[in-house]
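So the protein sequences, as listed, match chains A and B. With our numbering applied, the first sequence covers 28 to 268. With our numbering applied, the second sequence covers 28 to 268.
I should point out that these hints are in silico values taken from the structure, not numbers from a laboratory. Do not rely on the hints blindly, as some may be mistaken.
The list treats identical chains as one, so a pair stands whether inside a single copy or across any two.
Taking lysine-lysine and the DSSO-like style, the derived pairs with C-alpha atoms no more than 27 Å apart in a straight line are [claimed, not checked]: (1) Lys174 x Lys71; (2) Lys157 x Lys224; (3) Lys112 x Lys165; (4) Lys71 x Lys112; (5) Lys157 x Lys174; (6) Lys71 x Lys195; (7) Lys195 x Lys157; (8) Lys165 x Lys195; (9) Lys71 x Lys157.
2 protein chains.
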Amino acid sequence: MADEIHYELYYWPGIPGRGEYVRLALEDAGAPYTDVAREPNGMKRMQAMLRGEGARPRPFAPPFLVAGDVVIAQTAAILAWLGPKLGLAGAGAAEHAATHQHQLTIADLVAEAHDVHHPIASSLYYDDQKPEAARNAKHFRDERIPKFLGYFEHVLEDQAGVHLVGAKTTYADLSLAHTLAGLRFALPNAIARLDAKIPRVRALAQEAFARPTLAPYLASPRRLPFNQQGIFRHYPELDPP
Amino acid sequence: MADEIHYELYYWPGIPGRGEYVRLALEDAGAPYTDVAREPNGMKRMQAMLRGEGARPRPFAPPFLVAGDVVIAQTAAILAWLGPKLGLAGAGAAEHAATHQHQLTIADLVAEAHDVHHPIASSLYYDDQKPEAARNAKHFRDERIPKFLGYFEHVLEDQAGVHLVGAKTTYADLSLAHTLAGLRFALPNAIARLDAKIPRVRALAQEAFARPTLAPYLASPRRLPFNQQGIFRHYPELDPP
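Next up, chain A with everything else stripped away, as it sits in the complex:
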């Protein structure tokens, strides 16, 4: 389903981060793209774009995508643009909108997953906000994760299947699968306690990551592992047994 454009994805090279949501869609669709900041001199090119020395509108932050003469920042906006072109946004305007809506709800969950370890400021180290992170994490584990994943479990009940929208895989499915993996990396005990309540979300994730179009990427070195610089971080003290 990939079209003729050779895409350029710009994202920080050392973490999966928000760039990974775009990467999953591009990889699943077999779309040709360059992961610019992981190429020689790529970071310089990315930073020049962030300084406003490139295309318009200038991006606020990575990830951003260059598609021919269009540049788009914001993960969900990139996916809203790419999804229909890659065949990963369902059929028709209403399904495109539903896919996008789910992506934005996933984005809210992802933002909260980051703020667990940085509740005071992104510019501070985790070590400078540990007591606050511990308080935040308890609410995230006990209230927020169950609310978000319980919501998606309900959506899949409504759908009577393993896809959030329509009858086929969308980028929202890929994003939810990746988010569950990230949460399990960060908070394995909390997610293990929740597993019995989210069988449909787990089935979606299993199906998405087993796709013949995606599994080779996931086993490749292009797939960056979760780590302690990213959105999803494992601090044992935030995830008691």
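Using the hints provided, position chain B relative to the given structure of chain A.
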């Protein structure tokens, strides 16, 4: 530019909140809509939808919009749907995408403006997280607001005008104007210190709120005032002189 559909907007009735971003676009375009939860029995209807007793996909949270047989949640997704129909998203796919991208960056700023007074958990009172809020607020005032508003100032420099996208007003302009008003309500001292650095953002806001299509709404009782239950809250201790 309004089309034939009579829209239904669902949002908490007591605060401007995220619903206001949708309201501004509907009002500016003169689109016919019902603000459901502010009508008799409207809260019951909204809560039934949130329990999954209505259209699909069930919404995660307000605001959500019913447009004929389509229901869309997530503020930015609603505006991405409405914007082109209301003539408030620029011309063509690239401008639609740019408008949407800016809306998502505004949404990130709005989320941070909320987390200033709720850095630990939305489910707790402000009084239960005051020391953490004070720490968060310093970073928000000194780093984050200047970064976000400075970015939009650069975009307007690039544009050489008072519109974030193209040559006409888009919903992103309305959203930025409202966000500046919200920040000024919440943190008047911090914004006053920044005013000299954001002349273009201020000019955009002034132009947007003076629109003959919008000013009557802003002066009407339909426009809810900012208050201490919303996203933008004024706690003097978070905004030192």
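Going down the list of hints, with the structure as the test:
1. When the C-alpha separation of Lys174 and Lys71 is checked against a cutoff of 27 Å, the pair qualifies only between copies, where the shortest distance is 21 Å, while the shortest distance within a copy is 41 Å.
2. In this homomeric assembly, Lys157 and Lys224 never come within 27 Å of each other (Cα to Cα): the closest approach is 30 Å inside a single copy and 34 Å across copies.
3. When the C-alpha separation of Lys112 and Lys165 is checked against a cutoff of 27 Å, the pair qualifies neither within a copy, at 40 Å, nor between copies, at 43 Å.
4. For the homomeric pair Lys71 and Lys112, neither the shortest alpha-carbon distance inside one copy (29 Å) nor that between copies (40 Å) is at most 27 Å.
5. Within a single copy, Lys157 and Lys174 get their C-alpha atoms as close as 24 Å, and across copies as close as 25 Å, so both meet the 27 Å cut-off.
6. With identical chains, the CA atoms of Lys71 and Lys195 are never at most 27 Å apart, being 39 Å at best within one copy and 34 Å at best between copies.
7. Neither within a single protomer nor between protomers do Lys195 and Lys157 lie at most 27 Å apart by alpha-carbon distance, with minima of 42 Å and 47 Å respectively.
8. Within a single copy, Lys165 and Lys195 get their C-alpha atoms no closer than 36 Å, and across copies no closer than 46 Å, so neither meets the 27 Å cut-off.
9. For the identical chains of this complex, Lys71 and Lys157 are neighbours neither inside a copy (33 Å) nor across copies (41 Å), given an alpha-carbon limit of 27 Å.
Violated hints, listed in ascending order, are 2, 3, 4, 6, 7, 8 and 9; each of the other numbered hints is respected by the structure.
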